[in-house]
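Chemist: Okay, here's what each chain looks like letter by letter:
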Amino acid sequence: MSDGEHRLADPDRPWMMRTYAGHSNPRRSNELYRRNLAKGQTGLSIAFDLPTQTGYDSDHELARGEVGKVGVPISHRGDMAALLDGIPLREMNTSMTINATAAWLLALYIVAAEEQGVGEDALQGTTQNDIIKEYLSRGTYAFPPKPSMRLIADMVAYTVEQVPRWNPINVCSYHLQEAGATPVQEIAYSMSNAIAVLDAVRERVPQDLMGRVFGRISFFVNAGVRFIEEHAKLRAMAELWDEIGRDRYDVEDPRHRRFRYGVQVNSLGLTEAQPENNVQRIVLEALAVTLGRNARARAIQLPAWNEALGLPRPWDQQWSLRIQQILAYETDLLEYADVFEGSRVMDALVAELADGARAEMAIVEEHGGAVEAVPYMKAALVDSHRERVRRIESGDQPVVGINRFTETEPSPLTADAEGGILVVDPAVEAEQIAELERWRGERDQAAVEDALLELARVARRGDENIMPATIAAARAGATTGEWAQTLRAVFGDYRAPTGVTDALAGGGDEELAELRTEVDRVSDALGRRLKFLVGKPGLDGHSNGAEQIAVRARDVGMDVVYEGIRLTPSQIAASALQEGVHVIGLSILSGSHPHLIPAVTEALRDAGVDAPVVVGGIIPEADWPALRAAGVAALYTPTDFDLNRMMRDIVELVAAETGIAAKSL
Amino acid sequence: MAGARAALFGHVTGRRVTPARPAPSGAELGARLRERDLTAAPAVLNLVENRAPGGREEVAALLSEVSPAALEGEPSAHIVGVTGPPGAGKSSLLSELVGAWRAQDRSVAVLTVDPTSKRSGGALLGDRARIAFDPSDRKVFIRSTAAGGQLGGLAPATRAAAQALATAFDVVVIETVGVGQSETDVADVADTVAVVVQPGSGDVLQFLKAGIMEVPDVLVVNKADLGQVAVSAERDLRSALRALDAPDTEVISVSCLPPPRGIEELIAALDTHRERTDLSERRLQARRAHALADFAAEHGERGLRSLGGRREAERWLGAADPGLDVPTLTRALEERAMEDA
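The listed protein sequences correspond, in order, to chains A and B.
Quick note, the first sequence lines up with residues 1 to 665 if you use the numbering used here.
Quick note, the second sequence lines up with residues 666 to 1006 if you use the numbering used here.
Be aware that a few hints might be false.
[Claimed, not checked] To give a feel for the contact side, a few chain A residues facing chain B, derived at Cβ under 10 Å:
hint: 1; residue: L422
hint: 2; residue: S523
hint: 3; residue: L526
hint: 4; residue: S570
To be clear, the hints were calculated from the coordinates, so they are not data collected in a lab.
Backbone N, C-alpha and C define an ideal beta-carbon position, used for all residues, glycine too.
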């Protein structure tokens, strides 16, 4: 384009339009995909359920209540074939939100394509495969950091030659923002994560391949409602990425240094109160990633208006797809050159963010790189998130419907019996388990065992690529749980840092001081300090909420036991008993509460613990009576953003339970 | 309520679904420990942590039930102190040790002491997260305690808890953070003290050389998987020990990354140390130190001055009847302080 040419000769082609989807079982998810494609969606985005993401089969103890909830369960090549039935994989571009078990799910995808007669060299798509952000935010890791980085490096090395149109890793800044990252942190930590991956790959591929490797790394970003700054963030990322490619990895071809990203816009800012407002938020966030041509998304998936309430239905997802289609096909967005070029405001914003990110990246580098800096970054995110929560509580950060303009008419959108969300049939878990048993019974068991032995051998050797043995195991009929268990046996299990013990002590405002006095008073009456167990049962790794509760409880003077994510009901009960806690708080966002909460209260009763239980999470109102019947004393949903109020309730609850005289606060 | 929809289900009105069980008495708990009833452990900890009026008498009753006089000998457990600077990997090491002890069918109680937030008085207790155990295994007990303002030292209740649990468990571990005061305090309570060192950080070595820190019973070089830096750490510690004329202190290298290494050797070293130790003498010293610490916690520097200072108090305790339990010794110190006042 020459100077002065503001109109493009030919309008740009629209970005790839996806919907993050999958639930219940492969067959029902396949029906959903076909319907979505018929509506004009141009790529697939597969949501896997938590057992699949963390490497467990549907019949594992930790999978109870989670099968088919936040995505589709995929255990073996039969499941993958059913999921993709009738979808031409030669043409399709598929994004898989899969990390710890990415090598395995890619192998299943390759084998499913093989069965369709499509070679792996023709496949196009993306595996998310960013493990560092799993330790930092999302929590679906399976193995310790070092072997996990090796799996990623192996996948990159394999795909760059064998599956050349595949993006083996989507470095995620998305989840960092969900965990509370400021724009500077989001840029810096995702760039640092990408560097850690590239450094690991550099040891496993010849130097002359590094340009192509660099060119295959894509990003998965977030966009919040402050859409001007968010757009500047993307431009800053493009600038830094180019710089890193040139200076750190000697990538000469500028096309290889281009910043390529897909996006899912912000879910953190979506509200449960007046949920229809989320539509406006989503539209503005979509503008952040499309408005400027020089930093426009390659692929977009938009959340649904009701994600703070529960799982979206197909109609809710269609509404979000239509937002994309109106932007791309009705507006004039794609007809112009970059609309921000030459803007003083934009240039200054970009420079500000890029400079901030460079400084923060230097700190991560001083810690020895992103893998070593996980505890530092985690604690920094917990602190930022706490600051965000504080600003919303104090009203410094207005959120319409939450701390401003809260008066509302009843919403007809949530008026139906199920509250306007998708409810997964609880029978799917048993069906899926029966199906899995049938699969295990009919396959060639000896071939599976041989394939897993070979996988273990390769895993133990650091210098062999894991992918061929993984693909062979997929072909032989091994399951997700078997693949992951084989690697767990070699690599070991892992618990990530919780970030809370390193979080700074909270500020000294009056409300906190008042609460501390009350905690001290009740503690004195109890004879020892009020002790609070914060537990995350099940496989849900979204720990930000639980972390904020834990830190605030500490700040008001409680002794807080927090063990991180992925606990079984019996582990929680054992901790509650041994630690002698006065109250227990459980956090669940995955929709598995109907099973897990009663399982925990029962385990507590069996252990002889009579401390009261409170629950926080995405809990539809229809489920409240059952939880109450299970013995839950109080329930908090995303509407309850006032943590101090919650702390007050908890202190009051303990006082009432133990017969300590109430004192009005 | 902030959110109109938040649901509190009636408990705040004071209605209970089930009546609260009364807490068992100190004497009752002591008797259960003597019968090696491990399920008494949670209630024992709730009791010793209780600082309400009346709590102290109950603790005294508990401790006299499990005193050497009542037991006709020392409690049989091996009390092991594990300490070291932050980041040395103590919790991961404990996780491996607990697994190895359980493989030998020894019951294990772990008392972890976490730092307390000075500003709020509250604490985040995260150590148990790193210790893997089977929740259905009744022979493992883990309790985290906030240090409760004791600078680097032991939580007030930890000494009493260790002493009581030693009656019922095979191994009692006390884990503390820090270098300096903390391992001195742990040495007052434990039969064997292991200091965990992270290769590449020289603080333990410097503290040893400077005499700031007493020579521990066992030195553990963690993260042996780091290779050369771990090898040099081990070599430096050995040469320092030779220079300090402490050749009996074992230096063990371990790795907690799979496959773990050195754990069996470490357990053997801990066991060997205990066999070589005059246990009744060490436990006697522990009780005397415990009594003095309890006295100081209650009466402060002023109380110590009225005993003629810490040294004088230690001298007096050294001459006291070796059969006395801690509460009796503490009371004796208090009576003496009153006389002199």
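Chemist: Have a go at the L526/A hint: is there a Cβ in chain B nearer than 10 Å to its own Cβ?
Modeler: For L526/A, the interface hint holds, since the closest Cβ of chain B sits about 8 Å away, which is under 10 Å.
Chemist: Under 10 Å, Cβ to Cβ, is where S570/A needs to be relative to chain B, so tell me if that hint holds or is violated.
Modeler: Holds. Min distance 4 Å.
Chemist: Close enough to count: is the Cβ of S523/A nearer than 10 Å to one in chain B?
Modeler: 8 Å, holds
Chemist: With 10 Å as the cut and Cβ atoms as the points, is L422/A at the interface with chain B?
Modeler: 20 Å, violated
Hint compliance for this structure: hint 1 is the single one not met.
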